[in-house]
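Novice: Sequence:
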Amino acid sequence: MSKKNDRTFYKLIRKEKENDKKSIPETIPKSLIEVKERLILTFNNSSDFVLHEITIGQDKDIDVLITFIDGLVNKKLLNSDVIRPLMVETNHIFDKEQLTKSVSILLSKSIINTSKVSEVDDYEQSVDSILSGDTLIFIEGDSSAMKVSLRGWEQRGIEEPPSEAVVRGPREGFTETLRTNTALIRRKIRNNQLVFDMMKAGEQTNTDICICYIVGIANDEIIKNVRERLSKIDTDAILESGYIEEYIQDAPFSLFPTVGNSEKPDVVAAKVLEGRVAILCDGTPFVLTVPYLFIESLQSAEDYYSRSIYSIIIRFLRVFSFFITSMLPAYYVALVSFHQDIIPFKLLLTMSASREGIPFSPFTESIIMVITFEIIREAGVRMPRPIGQAVSIVGALVIGDAAVNAGLVSTPMVIVIALTAITSFIVAPLSGAVLIIRLITMSVANILGILGIVLTSIVFFIHLCGLKSFGVPYLSPVTPINTMDLKDTLVRFPIWAMYTRPKSLTWKYSGKAKYRTGSKGRDKK
Numbered sequence: 000m001s002k003k004n005d006r007t008f009y010k011l012i013r014k015e016k017e018n019d020k021k022s023i024p025e026t027i028p029k030s031l032i033e034v035k036e037r038l039i040l041t042f043n044n045s046s047d048f049v050l051h052e053i054t055i056g057q058d059k060d061i062d063v064l065i066t067f068i069d070g071l072v073n074k075k076l077l078n079s080d081v082i083r084p085l086m087v088e089t090n091h092i093f094d095k096e097q098l099t100k101s102v103s104i105l106l107s108k109s110i111i112n113t114s115k116v117s118e119v120d121d122y123e124q125s126v127d128s129i130l131s132g133d134t135l136i137f138i139e140g141d142s143s144a145m146k147v148s149l150r151g152w153e154q155r156g157i158e159e160p161p162s163e164a165v166v167r168g169p170r171e172g173f174t175e176t177l178r179t180n181t182a183l184i185r186r187k188i189r190n191n192q193l194v195f196d197m198m199k200a201g202e203q204t205n206t207d208i209c210i211c212y213i214v215g216i217a218n219d220e221i222i223k224n225v226r227e228r229l230s231k232i233d234t235d236a237i238l239e240s241g242y243i244e245e246y247i248q249d250a251p252f253s254l255f256p257t258v259g260n261s262e263k264p265d266v267v268a269a270k271v272l273e274g275r276v277a278i279l280c281d282g283t284p285f286v287l288t289v290p291y292l293f294i295e296s297l298q299s300a301e302d303y304y305s306r307s308i309y310s311i312i313i314r315f316l317r318v319f320s321f322f323i324t325s326m327l328p329a330y331y332v333a334l335v336s337f338h339q340d341i342i343p344f345k346l347l348l349t350m351s352a353s354r355e356g357i358p359f360s361p362f363t364e365s366i367i368m369v370i371t372f373e374i375i376r377e378a379g380v381r382m383p384r385p386i387g388q389a390v391s392i393v394g395a396l397v398i399g400d401a402a403v404n405a406g407l408v409s410t411p412m413v414i415v416i417a418l419t420a421i422t423s424f425i426v427a428p429l430s431g432a433v434l435i436i437r438l439i440t441m442s443v444a445n446i447l448g449i450l451g452i453v454l455t456s457i458v459f460f461i462h463l464c465g466l467k468s469f470g471v472p473y474l475s476p477v478t479p480i481n482t483m484d485l486k487d488t489l490v491r492f493p494i495w496a497m498y499t500r501p502k503s504l505t506w507k508y509s510g511k512a513k514y515r516t517g518s519k520g521r522d523k524k
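Per numbering that gives the first Met the number 0, the sequence shown starts with residue 0, numbered consecutively.
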């Protein structure tokens, strides 16, 4: 039997076992001693698993077992709202059977001072609740347990995300706590149709995943597609939303991302309001959004907080920067190697004088400089921030000046790479794709000149036209053309003029785009 067949066989066995567990729920033993023994075996006597035994009632003859994971529970609330009421406020209860038979009523309504209390009958479900940070209360003689939500672990505060800094606009960013992130979105969208669907992924990690969308705005087909792709994830661990992105993206081997991500609640809220679906993952501040279109890589949250004329200028600047950072080194190689007659005569004389004595060809020279810049940039990112900034600046200045003085590279090449590096930071979402495009176009330009650059650009454009993100064409609304949606592409119309939602995102929902509220506060029809 091949390895592939073995893997498929074991997957089927595992699914059958999971189905058996779901069909035949394992009840909680009534004996507290048996519950304690099973829990110790289940958690392998781990040091962070706490079993706290107390006795309650007037005669102190009712045994209670409180279980939780140390570090995932707020101990202060546990002591004040659970343990103390159980030991003090149950002294008036004389009948032991009365307590055990009506455990849910007595604990949730009369004794425990917390708002979120529920009853659990399944043993596996109780274990999952403990691992999620809940507190489980077992009572002698009762086949059910009480789940009390007292989650409270150390978490990072809400801060401005460094990857999406803005001059004007909200400065709050997502954190690593899932419930905090859902609350940040709920604060932006106070709508009862905003839905948060919970799922779990990762066989070993059991990571919480949340699907966020607005009923009546998000396309039902897209929501269904998202659920199906998430349910098919078969892996041991989901530690960050990047894991999910690789499993659900449409074109895993494409240079261009088909799943978006953001750390800003206002950005995610805006995308959800347009009809997209957000995917939140516990343990990471990066929220995924689908479908993701190419034009989103050239947009910024601040575009919608500034005047439309200024936003249009900035967007054209980003488009220009995208072509500069991906094509400028290739054009330099092509002009110097093949098309010197295109260069103005005086500029050609200057470039020839600067290249005198350079031992490398323009292509080799550009490759050396591109790789050197990437090394400096990576060192600046990975080192501590104060040191990294100094390394990036000093390294670029010293190495560039030393390389020119040593006669290894020419001055025009240093200028070209400097412009390429600066413009790459303007289109940060496409930084990975831009680096590969830059290397490919440089290689082809070294062989075919400008003709090679044109042919390569056509190939990339055809590839972009063929991409889709969850059924939506990647280059929408440019191709296929949709004139109503062009108001928020390279140009950004005033907010009051953008009264319709993108039709490309609602293409299967009743055949029409859903409409935003116009400037006068009423729906356009």
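The set of hints was computed from the structure by calculation and includes no laboratory data.
Treat the hints with care, as some may be off.
For lysine-lysine, the following DSS-like pairs were computed, each having C-alpha atoms within a straight-line distance of at most 27 Å [said to hold, decoys possible]:
1. K187 / K199
2. K231 / K199
3. K467 / K223
Label-pair distances were calculated between CB atoms; the ranges are [claimed, not checked]:
4. M483 / N404: 54 to 62 Å
5. E377 / L50: 42 to 50 Å
6. I341 / D235: 51 to 59 Å
7. L485 / L130: 23 to 31 Å
We put the beta carbon where it would ideally sit given N, CA and C, even for glycine.
Novice: Just to be sure I understand the hint, the distance between the Cβ atoms of E377 and L50 should be within 42 to 50 Å; is that true here?
Specialist: Check passed, 48 Å falls within 42 to 50 Å.
Novice: Is 54 to 62 Å respected by the C-beta to C-beta distance linking M483 and N404?
Specialist: Hint holds: Cβ distance 57 Å, inside 54 to 62 Å.
Novice: Taking the beta carbons of I341 and D235, is their distance inside 51 to 59 Å?
Specialist: Cβ of I341 to Cβ of D235: about 57 Å, so the range 51 to 59 Å holds.
Novice: Measure nothing beyond the straight line between the CA atoms of K187 and K199; if it is 27 Å or shorter, mark the hint as holding.
Specialist: holds (25 Å)
Novice: Between K231 and K199, is the straight-line Cα distance small enough, at 27 Å or below?
Specialist: holds (11 Å)
Novice: Tell me if the beta carbons of L485 and L130 are separated by a distance inside 23 to 31 Å.
Specialist: violated (50 Å)
Novice: Assess, step by step, whether the Cα of K467 is no farther than 27 Å from the Cα of K223, and give holds or violated.
Specialist: Distance ~16 Å between K467 and K223 Cα, so the pair holds.
Hint 7 from the list above is the single one not met by this structure.
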